[in-house]
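As a plain string of letters, each chain reads:
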Amino acid sequence: DVKVTQSSRYLVKRTGEKVFLECVQDMDHENMFWYRQDPGLGLRLIYFSYDVKMKEKGDIPEGYSVSREKKERFSLILESASTNQTSMYLCASSLDELKFFGPGTRLTVL
Amino acid sequence: QKEVEQDPGPLSVPEGAIVSLNCTYSNSAFQYFMWYRQYSRKGPELLMYTYSSGNKEDGRFTAQVDKSSKYISLFIRDSQPSDSATYLCAMMIKAAGNKLTFGGGTRVLVKP
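Those protein sequence lines, which keep their order, are chains A and B.
Anchor point for the first sequence: position 62 equals 43 in my numbering, and the numbering is continuous, going up by one each time.
One gets my numbering by counting positions in the second sequence from 1 and adding 7 to each.
With the rest of the complex left out, here is chain B (with noise of 0.2 angstroms):
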């Protein structure tokens, strides 16, 4: 079983649809939290990182983090056809080298 566990989609939705991406992972011991964005053919850029349970909003991204239920998501509001991507969640315990663990990634595609 892999560490953080993310649906590969392909998540398809109509212009303006809210966006709703997800992943679980099993190490408790995670403590930051971060989405990054991949455009084809480009690196990951990050969009958001939360530390701990709680939500943070930026624009129309939403990050919530359930550290009981080991489960964090993103929402993306007023979805648009530039938001289509592959979205990657990705966690880290807090120590030298700071590491990443990443999901597979989900891809979405907003449908004008």
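Next comes chain A alone, as it looks inside the complex (with noise of 0.2 angstroms):
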């Protein structure tokens, strides 16, 4: 069974805090994404990666950043968090088309 993690289930910060969000997969896969679910927006893709040390930006990234130094682990960085983004966060990992999601991390921005 394939296995994603995220460090939290729940997160409250401050405005202006730096927060990190973790997220690790056990299967080896190459690619790993962050995306951000919103109602009536759906889900929107942050940063990806293909490989280690390797990123790419997805539709949002505007306010974000990442980093992936090894393969299973890839980190979703808010450099200065804002209100606008509080959000559901969710991490996937894939093998070829197959994408798999990790349980998510909701974030509370006060």
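Treat the hints with care, as some may be off.
[Claimed, not checked] Pairs of lysine to aspartate or glutamate, DMTMM-like flavour, derived with a Cα cap of 25 angstroms:
#	chain 1	residue 1	chain 2	residue 2
1	B	LYS106	A	GLU50
2	B	LYS9	A	GLU3
3	B	LYS9	A	GLU78
4	B	LYS106	A	ASP19
5	B	LYS49	A	ASP9
6	B	LYS49	A	ASP19
7	B	LYS106	A	GLU3
8	A	LYS(-16)	B	GLU10
9	B	LYS101	A	GLU53
10	B	LYS106	B	GLU10
11	B	LYS63	A	ASP77
12	B	LYS9	A	ASP40
13	A	LYS(-16)	A	ASP19
14	A	LYS51	A	GLU37
15	A	LYS36	B	GLU10
16	B	LYS101	A	GLU60
17	A	LYS(-16)	B	GLU52
[To be verified] Just the calculated beta-carbon pair ranges, DEER-fashion:
#	chain 1	residue 1	chain 2	residue 2	range
18	B	PRO88	A	SER46	37 to 45 angstroms
19	A	LEU76	B	GLU22	32 to 40 angstroms
20	A	LYS34	B	SER89	37 to 45 angstroms
21	B	ALA24	A	SER(-11)	35 to 43 angstroms
Treat the hints as calculated values from the structure; they're not laboratory data.
Beta carbons: idealized from backbone N, C-alpha and C, even for Gly.
Need the complex rebuilt from these two chains, each delivered in its own frame; the hints are there to steer you.
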């Protein structure tokens, strides 16, 4: 069974704080992704990575950065959190076309 | 206009009924078509995927793709209350990174 884990299920941060969201997968997948999910807007791709130290911008990268130092770990960083970054954040990894998601982190920025 | 359109619902059906879900899309280059199920406060779970046009069946689930009409469907037979969830369609052009484009999701409620 593919397992994608995320460091926190719920997180509350204050405006201006630096926030780290961690994602780990155990299936040696090359590709990893960060999405955010908002009511009425669906899932939107923030960043993805198809190899260690490689990253590509998705559809909404503004205000975010990522880090992939090891194949199994993909981190999403909010340099200075803002209230409009309150959302559900979903990490995924993929083997070819099959994408597997983690349980999500619900982030609230006050 | 969104690249992938999906009716948000909610779609309410009695237990045992057939659930019919669909998505339309505008990009004829999409090659892979997926359906995900998402329970409340959980991550999406891959249900089915198909490549190009045609039908695929897995137990109570049937996925259909009509590329000429840019229309995909998911049917759930003999629906159960445990099928109550949000169903997301997603599509992909095979390329570096394998980016998925999602529909907004349809919320389904199966009443006992």
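Here is what the structure says about each hint:
Restraint check for LYS106 (chain B) and GLU50 (chain A): the C-alpha separation of about 21 angstroms stays at or below 25 angstroms, so the hint holds. Distance hint between LYS9 (chain B) and GLU3 (chain A) is unfulfilled; the C-alpha atoms sit about 30 angstroms from each other, more than 25 angstroms. A hinted pair counts as satisfied when its Cα atoms are at most 25 angstroms apart, and LYS9 (chain B) with GLU78 (chain A) qualifies at roughly 22 angstroms. Restraint check for LYS106 (chain B) and ASP19 (chain A): satisfied, since their Cα atoms lie roughly 18 angstroms apart, inside the 25 angstroms limit.
Our distance criterion of 25 angstroms between C-alpha atoms is met by LYS49 (chain B) and ASP9 (chain A), whose separation comes to about 23 angstroms. Between LYS49 (chain B) and ASP19 (chain A) the alpha-carbon distance is near 14 angstroms, which keeps this suggested pair within the 25 angstroms criterion. With a C-alpha separation of about 20 angstroms, the suggested pair LYS106 (chain B) and GLU3 (chain A) falls inside the 25 angstroms cut-off, and the hint holds. Taking the CA atoms of LYS(-16) (chain A) and GLU10 (chain B), the gap is near 30 angstroms; set against the 25 angstroms cutoff, the hint is violated.
Taking the CA atoms of LYS101 (chain B) and GLU53 (chain A), the gap is near 22 angstroms; set against the 25 angstroms cutoff, the hint holds. About 13 angstroms separates the Cα atoms of LYS106 (chain B) and GLU10 (chain B), which keeps this hinted pair within 25 angstroms; it holds. Restraint check: the Cα-Cα separation between LYS63 (chain B) and ASP77 (chain A) comes to about 19 angstroms, which is no more than 25 angstroms; the hinted pair holds. The hinted pair formed by LYS9 (chain B) and ASP40 (chain A) meets the criterion: a straight-line CA distance of about 13 angstroms does not exceed 25 angstroms.
Between LYS(-16) (chain A) and ASP19 (chain A), the direct Cα distance comes to roughly 24 angstroms. Compliance with the 25 angstroms bound is thereby established for this hinted pair. Distance hint between LYS51 (chain A) and GLU37 (chain A) is fulfilled; the C-alpha atoms sit about 16 angstroms from each other, no more than 25 angstroms. A C-alpha spacing of about 24 angstroms is found between LYS36 (chain A) and GLU10 (chain B), which places the hinted pair at or below 25 angstroms, so the restraint holds. Among the hinted pairs, LYS101 (chain B) with GLU60 (chain A) is inconsistent with the structure: their alpha-carbon atoms are about 32 angstroms apart, more than 25 angstroms.
Distance hint between LYS(-16) (chain A) and GLU52 (chain B) is fulfilled; the C-alpha atoms sit about 12 angstroms from each other, no more than 25 angstroms. A beta carbon spacing of about 42 angstroms between PRO88 (chain B) and SER46 (chain A) agrees with the range 37 to 45 angstroms that was offered as a hint. A hinted range of 32 to 40 angstroms for the beta carbons of LEU76 (chain A) and GLU22 (chain B) is consistent with their spacing of about 35 angstroms. Taken as a hint, the range 37 to 45 angstroms holds for the pair LYS34 (chain A) and SER89 (chain B), whose Cβ atoms sit roughly 42 angstroms apart.
Range check, ALA24 (chain B) to SER(-11) (chain A): Cβ separation about 38 angstroms, and the 35 to 43 angstroms hint holds.
Checked against the numbered hints above, the structure breaks hints 2, 8, 16 and satisfies the rest.
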